[in-house]
Amino acid sequence: MNILDMTAVGLAAAIKNKEVTVRQATEAVLAQIEEKEADFHCYVTVDKEGALKQAEEVQKKIDAGELDGPLAGVPVAIKDNMCTEGMLTTCSSKILGNFVPTFSSEAVLNLQKAGAVILGKTNMDEFAMGSTTETSAYGVTKNPWNPEHVPGGSSGGSAAAVAAGECFYALGSDTGGSIRQPASFCGVVGLKPTYGRVSRYGLIAYGSSLDQIGPLCKDVTDCAAIMEIIATHDLKDSTSVEQEDTDFTSALVDDVKGMRIGIPKDYFGEGLDPEVKDAVLKAAEVLKEKGAVVEEFDLSLVEYAIPTYYTIAAAEASSNLERFDGIKYGYRTEEYEGLHNMYKKSRSEGFGAEVKRRIMLGSFVLSSGYYDAYYLKALRVKALIKKAFDEAFAKYDVILGPVAPTTAPKLGESLSDPLKMYLGDIYTISVNLAGLPGLSMPCGIDSKGLPIGLQLIGDCFNEKKLIQTAYAYEKARGAFGRKEDK
Amino acid sequence: MANIISDETIEYVGILAKLELSGEEKEQAKKDMGSMLDYIDKLGELDTEGVEPMSHVFPVKNVFREDVVTNGDMREEILKNAPGEKNGMFAVPRTFE
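The listed protein sequences derive, respectively, from chains A and B. Under our numbering, think of the first position of the first sequence as 582, with each following residue one higher. Under our numbering, think of the first position of the second sequence as 5, with each following residue one higher.
Only chain A is shown next, with the shape it has when bound in the complex:
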């Protein structure tokens, strides 16, 4: 078997059995990066030397019996909004164009402890604000299924790198769909864990009450294995939760008999592409045939999720991004008159258009006189949305629906109308508002040859039910890939 065709768990097993060395795996993936980057541009930074050095160190530990975890020796790509000690971390923004962190984020440290080889940092929408990876200051990433289309975003580089074989798995972050939507567009598996599952320490904040780190990978087994490594309680993140049920791989069971699956009727209305609709409903049918109890219901409030999200996320972003002031790190303008002029010029030159748009909106909704009408109102609607999900999960184990209304749009079609782009987040965004886990996996290919994503949503800390349902569906669906690759 070609090394690049292996899943992360499959490669680790092959390394353990001495069929492949960590160096061979790292060299194979670096060669793939070299060959494909000109086409897809998944990475902002590739650390070739560092990766080969790590490969040697990890191999020694495996040989000495110090490392024997399910992902030991597997090369991984990290979204460029997670700090990596000694490695450029740009958030795909000009304002952090030269930022080299002095520490690593907790999720990255957890992977390294488990024997991961860090290949580099993946491209993203600037500060994770966007749905196409086109707002990056370092060029657009292209969809490996068809380079005329976007990979989705904001974790577009991570999703594309997995799809293109430029890594074996990747970390992304999800504030309103930024793991699930690119996973859907690139035909890979992505999981946004329950808020508080994975430490946000070292994740450069966008919307702190919504941000969560999670895996992008080739299959559900990889997803469960990665989650076992990154879901830890961390005292450095006060929203990190103490948790016991982190044995996610125990949920890799091909059985959905009696699993109660709810299909929100409101997710299948106007705006949903008929091909996406058919593929998602077909997946529900497959689960029903395997013994799941599938029924439709009214979730309600779906149309209010986007305005709620953009109010809260913009408000938090305007506060979080105040730290970029040209003093401690990052870009500083060349000519200025005094301190305040320096702040303003550095920020105005350093941030891109979408980031400025959200900072402006956030500053407005938090400003005196508008705070109650906009920000507090959004927090009240958030409570209603959470309640609607609580009621749904009293009846169902899993909610099933599409990830996005369409498959990947063409490059250059989305940014001209921000509001239209925001509407593409309609099925993913409420999951972040309610703090829930959501999993995206491929369930079909449309007539343009682009992958279609299925979304499974669970109640808080019920990732295992998602993994079990996804695993059972994956078994029935069979291997997934481009027709020309088969």
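It is worth saying that the hints were derived from the structure and are not from the lab. Using N, Cα and C, we set each Cβ at its ideal position, and we do this for glycine too. Take the hints with a grain of salt, since some may be wrong.
[Unchecked claim] Here are the simulated DSS-like cross-link-like pairs (lysine-lysine), alpha carbons at most 27 Å apart as the crow flies:
no., chain 1, residue 1, chain 2, residue 2
1, A, Lys-1056, A, Lys-863
2, A, Lys-871, A, Lys-858
3, A, Lys-926, B, Lys-90
4, B, Lys-46, A, Lys-968
5, A, Lys-1056, A, Lys-976
6, A, Lys-634, B, Lys-84
7, A, Lys-817, A, Lys-909
8, A, Lys-926, B, Lys-35
9, B, Lys-34, A, Lys-926
[Said to hold, decoys possible] A short, non-exhaustive set of chain B residues, derived as facing chain A with CB atoms under 10 Å:
no., residue
10, Ser-10
11, Val-73
12, Arg-98
Since the structure of chain A is already known, use the hints to place chain B on it.
Same frame as chain A, now just chain B:
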């Protein structure tokens, strides 16, 4: 468009956001913010009387830990990221005249 954003509002928000927008950017910002607010106004359709604003989905209380230093002296590495440095400190433009 129901929400008309005035020049004064954009100036004021620019001060809060510490952003200096060009004339063209200001016009665009007025348009963008107006249409976003029109959209957000949709939330007004919902009766939220008596609903507590939810800032956090789980009941989180203050989280305490011992204040113990775990990292070493990283002054040099940290200052390497600073646009201005002087005598082992961050250099900033003159603040008082």
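Starting from the hint list further up, note which numbers the structure goes against and sort them upward.
-> Violated hints: 10 and 11; rest satisfied.
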